[in-house]
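Order-wise, the sequence lines are chains Y and E.
When you line the first sequence up against the working numbering, it's residues 7 to 364, in that order.
When you line the second sequence up against the working numbering, it's residues 7 to 364, in that order.
Rather than coming from a laboratory, the hints here were simulated on the basis of the structure.
Be a bit skeptical, because a hint or two may be false.
Any copy will do: because identical chains look the same in the list, a pair fits if it lies in one copy or spans two.
Said to hold, decoys possible - As a list, the in silico DSSO-like pairs of lysine-lysine whose alpha-carbon atoms are at most 30 Å apart:
1. K331 with K277
2. K333 with K233
3. K82 with K103
4. K237 with K335
5. K136 with K26
6. K52 with K233
7. K52 with K218
8. K335 with K158
There are 2 protein chains.
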Amino acid sequence: MKKFTLFTPGPAEVPPRVLKALSEPIIHHRSQDFREIFFEVREKLKKLFKTKQDVIVFASSGTGAMEAAVANFFCKGDKVIVVNGGKFGERWTQICKTYGLDVDEIKVEWGYAVEPDDVKKALEKNGNVKGVFIQGCETSTGVEHPIKEIAKIIRETRGDDTLFVVDGITAVGVFDVDMDGWGVDILLTGSQKALMLPPGLSMISASERALKFMEKSDLPKFYFNIKREMKAQREGETAYTPAISLIKGLRESLRMIVDEEGLENVFARHKKLASILRNMVEGLGLKIFAKRPAPGLTTIEIDNAEEIRKKMRELGAWVAGGQDKLKGKIIRIAHMGYYTEGDMIYVGNVLKTCITGN
Amino acid sequence: MKKFTLFTPGPAEVPPRVLKALSEPIIHHRSQDFREIFFEVREKLKKLFKTKQDVIVFASSGTGAMEAAVANFFCKGDKVIVVNGGKFGERWTQICKTYGLDVDEIKVEWGYAVEPDDVKKALEKNGNVKGVFIQGCETSTGVEHPIKEIAKIIRETRGDDTLFVVDGITAVGVFDVDMDGWGVDILLTGSQKALMLPPGLSMISASERALKFMEKSDLPKFYFNIKREMKAQREGETAYTPAISLIKGLRESLRMIVDEEGLENVFARHKKLASILRNMVEGLGLKIFAKRPAPGLTTIEIDNAEEIRKKMRELGAWVAGGQDKLKGKIIRIAHMGYYTEGDMIYVGNVLKTCITGN
């Protein structure tokens, strides 16, 4: 018999009532029934993103929304700054270079958060910076970057001339990212993390400032054309066929997050779960890898990480390993989305058994 | 109480056992369990596409695979021919133009199939044509284009210099498109038609000839990068997180199509369903709109089409209307995928009741 719980930073566990919504008979996407679902989803996504702007839904993984963030708002040759402190920071650089942007990277040692002052210096060094790209949480290292502080610096030093683009794939719905309040210009996420859904949906929102950049963008985009989607989605439709079942599931999970538990309570729960697990980890004499750990996942330094992961899996707890240069050196235990204190006691004790043998 | 059957050309009905697969607990995509599912899906997709090549799966609607067909194989300024006989032919032109290709359109009156000879003439008129784009079935008009004949012309007149790109979104799994046998270079489809799944997946395959073009392509692509996906998918993984639940559903539907009923039997069933419905339609004195009707859907000329559609919906049969200039002039009844002779008798009689009043 196989039985396991996913503690991976995507996909994360999906609640039974969301799974149930996925298995309902299919409905047509150009129907009043779908429009009502989609309007409800749209309103709740605005609350999730803390924005008054449209939140656009794509049928794609989160990487699709990252590409949309580049292709819709910039021009060939634009100078941009990428904060690269892990695998997903690297991805920003790759996407920007694919589209011919001129990238200045702030390289951050894996496990560390960027210093806001380093962003300030990079902005001063490069004159005409059109965008700053970062992760809210760098999922490969478990680090939370200081988004609020960086947003402040960009707004104070660059006014409306520079867009602040935040990959919120393991941040939105996990901890506070106040898009409108802090002045984040482009914020995006994916379905399979805090949103407690299977993978297959991504969401992205753009500030008024970013929408002005959009009018000038000369990069090619068709499937990920935000302007076209915005027009359609305001009418409760999508430009191309949406992933109907996943959107039905999304309505269910947003009801759970936004209406029932409440976003701030979800944030508090994630903090609490992180604290419970980290106490257990430190009690085992292990070190947390992230210097500024995000509330959505805990990264742990372990010499024989792959062996421990395998043992944990045999006991039913599916955790992630390190990527690239961290492979075999860390394990990553996620606790964003559908997790309770009991889950932390369970996974912490599985880790203990695998480390100590009892 | 609401109860209805979708007879729309996407989404189409989803079998209960596929719906059930969608609601199973989520598994991780970098696991042996997922790899086994994905390897099985890959093998069956090759049979579905009638190819020895890789069939790449994306988390996107079919339009994503259409964009991939352009962005991965061509260069800026390439001369291409687009057969445009409806809304989806138009889409090829839009995507090609978005990427800076030089498009020569063969405009075909809506409702008609392209004459192979017109493709031949267009190839002769334009010297250095890199690609010919077409639909296997133009879903907006219900027309089947003569793919086999056009493939023959391209191979005979252009050898390896021109790619034949077929949007098979309402063709693959509906009627015979022998990719390798006929010399189709790029073939693609989507999940929500003959594959009997909800929308959210697209699939694309490329000939050896096309893979050589891929090496030279200078157009930007990241999420829809076929080369990167091919490398990952051969290992049973994907470059970015796949739509795990839909891929589990895909395994189920491919088992039904490829293993259980058999592809040729599915084709024969679609032909039979088309014939049953069309006999009923003509018995009512109505005209089939498509001059060369495809087996996947039946388009019917009706003056008060929107009124009839509404009435049919009230009786539980959800059919599609005309798009753009055909709005209000035709209805489209799809019968690709999970439909039986009994379904045709049902929808045909619903139409009869709405037309004749009894």
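Taking the hints in turn, this is what the structure says about them:
1. In this assembly of identical chains, K331 and K277 lie within 30 Å of each other by CA distance solely inside one copy; the values are 28 Å within and 56 Å between copies.
2. In this homomeric assembly, K333 and K233 come within 30 Å of each other (Cα to Cα) only across copies, at 24 Å, whereas the closest approach inside a single copy is 40 Å.
3. In this assembly of identical chains, K82 and K103 lie within 30 Å of each other by CA distance both inside one copy and across copies; the values are 10 Å within and 17 Å between.
4. Proximity of K237 to K335 under the C-alpha cut-off of 30 Å is restricted to the inter-copy arrangement: shortest distance 26 Å between copies versus 47 Å within a copy.
5. In this homomeric assembly, K136 and K26 never come within 30 Å of each other (Cα to Cα): the closest approach is 44 Å inside a single copy and 47 Å across copies.
6. In the homo-oligomer, the alpha carbons of K52 and K233 lie at most 30 Å apart inside one protomer (17 Å), although the nearest pairing across protomers, at 36 Å, exceeds that limit.
7. In this assembly of identical chains, K52 and K218 lie within 30 Å of each other by CA distance solely inside one copy; the values are 20 Å within and 45 Å between copies.
8. Neither within a single protomer nor between protomers do K335 and K158 lie at most 30 Å apart by alpha-carbon distance, with minima of 35 Å and 56 Å respectively.
Comparing the model with each numbered hint stated earlier shows that hints 5 and 8 do not hold.
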